[in-house]
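Residue numbers (numbering that gives the first Met the number 0), protein chains in the order written: chain X, 0 to 385; chain Y, 0 to 385.
In short, the hints are calculated from the structure, not lab data. All of these numbers come straight from a predicted model, not from anything done at the bench. Idealized CB from N, CA, C, for every residue including glycine. Treat the hints loosely; a few may be bogus.
[As the list claims (entries may be wrong)] Here chain Y is said to cover these stretches of chain X; the calculated rule only asks that three of the stretch's residues, wherever they fall, bring their Cβ under 8 Å from a Cβ of chain Y:
1) 5-15
2) 69-80
3) 124-137
4) 231-241
5) 351-360
Each chain, written out:
2 protein chains.
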Amino acid sequence: MKNFNFYNPTKIYFGKGEVEKVGKLVKEYGNTVLLVYGKSSIKKMGLYDQVIKLLEKEEIEIIDFGGIDPNPRIESIRKGGDLCKKHNVDLVLAVGGGSTIDAAKGIASAAMYDGDPWDFYSYKVESTGALPIATILTLAATGSEMNAGSVVTNFETKEKNGWGSPYTNPKFSILDPENTYSVSYHQTGCGIVDSLTHVYEFYFSNEKAYLNDRVCEAIMKTIIYYGPKALENPRDYEARSNLMFGSTLALNGVSGFAKDFEGFNHTTEHVLSAFYDIAHADGLAVLAPHWMEYILSEKTVDKFYEFAVNVWAVNPGRDKMDVAKKGIKKVFEFYKTLDMPLYLKDLNIIDPPIDEIVNKAVKNKTIGRYVQLTKEDVKNILKSAI
Amino acid sequence: MKNFNFYNPTKIYFGKGEVEKVGKLVKEYGNTVLLVYGKSSIKKMGLYDQVIKLLEKEEIEIIDFGGIDPNPRIESIRKGGDLCKKHNVDLVLAVGGGSTIDAAKGIASAAMYDGDPWDFYSYKVESTGALPIATILTLAATGSEMNAGSVVTNFETKEKNGWGSPYTNPKFSILDPENTYSVSYHQTGCGIVDSLTHVYEFYFSNEKAYLNDRVCEAIMKTIIYYGPKALENPRDYEARSNLMFGSTLALNGVSGFAKDFEGFNHTTEHVLSAFYDIAHADGLAVLAPHWMEYILSEKTVDKFYEFAVNVWAVNPGRDKMDVAKKGIKKVFEFYKTLDMPLYLKDLNIIDPPIDEIVNKAVKNKTIGRYVQLTKEDVKNILKSAI
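Same shape as in the complex, but just chain X (with noise of 0.2 Å):
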């Protein structure tokens, strides 16, 4: 087992009901909040005006700021951090999914700089401060509720990187899986393939790590076990409950303690969602079954019957090769069952620009630090998926 630290300072408050804590939580931070949220389910299911009335109960004054993007830009950061700075904002709550809170992230860091914040995105410069986050989360899937990552996109220069500092992890986090209730067929299975590919990304890993493995399978498994049932009943709390805090466990640490983040499909995908502004699971769906089949080898066929037999439970068996290969079948199945692209065709991409799709995915000589891939695997991988 590799050396790691293992740290993750986030409250979460999980359950029913919890919202009802918001008021008296942003209060010990101050009294002026920026309210960041997305498009109008927040308003539709009622949480907005049920935020808005909890704050104000504690006379904490609202700078609303709506309308980020489900892949959130750099704009909205720059306005959102102008905002705090005229407003003297104390906190910044994000409500909605991933895309508000990473956007939250960057907006809390863009309060404390006076450049461009795109410097941080674009690791230009180190970011020293941020103001306290915290979340009402919507959306079982990228885990953001509970780290410091954050992911933003500049389409001037078509760039969609992921970025983070010791001060982006949210002071809380509210989880209340009711929230989750109105989330879409199609949204639903985003938030399930989104959550099982961060787990993908620790499991498929050079890194002996045998309890990190069974963790990652554990997390794995109840996803795999709860997402048709959510997708069958859309009010099935405990379907709700379960990938929620799945896909909060798939990337606050517990599921890579030991182990590298992979990298091949986060990076491959951001490229493709900045050329194409796709739903970032979407992208995902299309990639990982095309890259386990490119990758399966000699060399990989232990970790991938693994993840047959005790993932998929692909029944055990000599011909080590078979088994696997039945595993990413079952990959290919389920995903099929979500009703998530396989394809870049189902996603209406036709005729790609692979070549410069690859140029800006592969930056180094390589990607991937499970099975180092160079250009040419990338390109074979994308016209698989054609």
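Following the hints, put chain Y in place on chain X, whose structure we already have.
Only chain Y this time, still in chain X's reference frame:
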């Protein structure tokens, strides 16, 4: 899944050579440290000298406080607290196993309290603060390195009580698996049983929490897989690593986020220890398997079936009760391979005053949350363990 809070602010530094960081880490909290440790083991292994040197390099004044007992006494807490007050200690550094760390938590709290620290452990007074606590772990067992709990014994009143406060989570803990190479065969077995029993206390629960159960199984499987390897080769780094972080995860919130602590095993063992000063895990080894046998019924068979199949790799079968029994038999067998006691007589406890023990253990009408046991039940379990 029930509502829960999930929060653990301890920072873990895991791996070979991490102890080298201790000087600089302590320095962040001040210039005077109370160094708490047990008997001679950390001196024998050279860790004591290493830590002294690292602290002195940072010009940190060291107040030396060794001699903590395996079941730490309230007298040590009082004395340590007084030393902190006298020398204006800035941080309490525990170097050792769970007993030493538990003592450090009591001492750090006593340092900020004018009365008798037994007031905390007898639940008479709430603590309002503690000095910062840090640990260097030398035994994979109690999980105390990443939680707020502390168990202290008062032999005057024959009480061994668990307690913790919002201030007793260590600020940081350094976990180098190499520091457990010299742990004896018996102590290694104790650590295995202790951490397994922590997981049992959450796993056997009426709370339905699929994700939580799978994570519990991940931790138990790891401990069962690597326990015998560490006994066979005490310098097996992978084995020691997995046992070390496995025992941390067994009681840092990750194993029980959506569960209540069952309680029978720990509460009853604490009474046994307070009577006989036996090692905590020796008591647990005797109690848990007999407890499992006693509570197995039509009501609990599904859980024990899961336990048998998922944790002990018993073949699934139609006769659930039969499979469940096989699982419990595996626990007995496994403990035997560890050379752990299975009966009270193995601990030289002959003709114990069962009624007196039962009356101390069952303070209210029943004990245990998963299966509520009356005094009569506990008597029967103890009799089966004679």
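Okay, the hints, checked on the actual structure:
no., hint, verdict
1, 5-15, "holds (count 11)"
2, 69-80, "violated (count 0)"
3, 124-137, "violated (count 0)"
4, 231-241, "holds (count 4)"
5, 351-360, "violated (count 0)"
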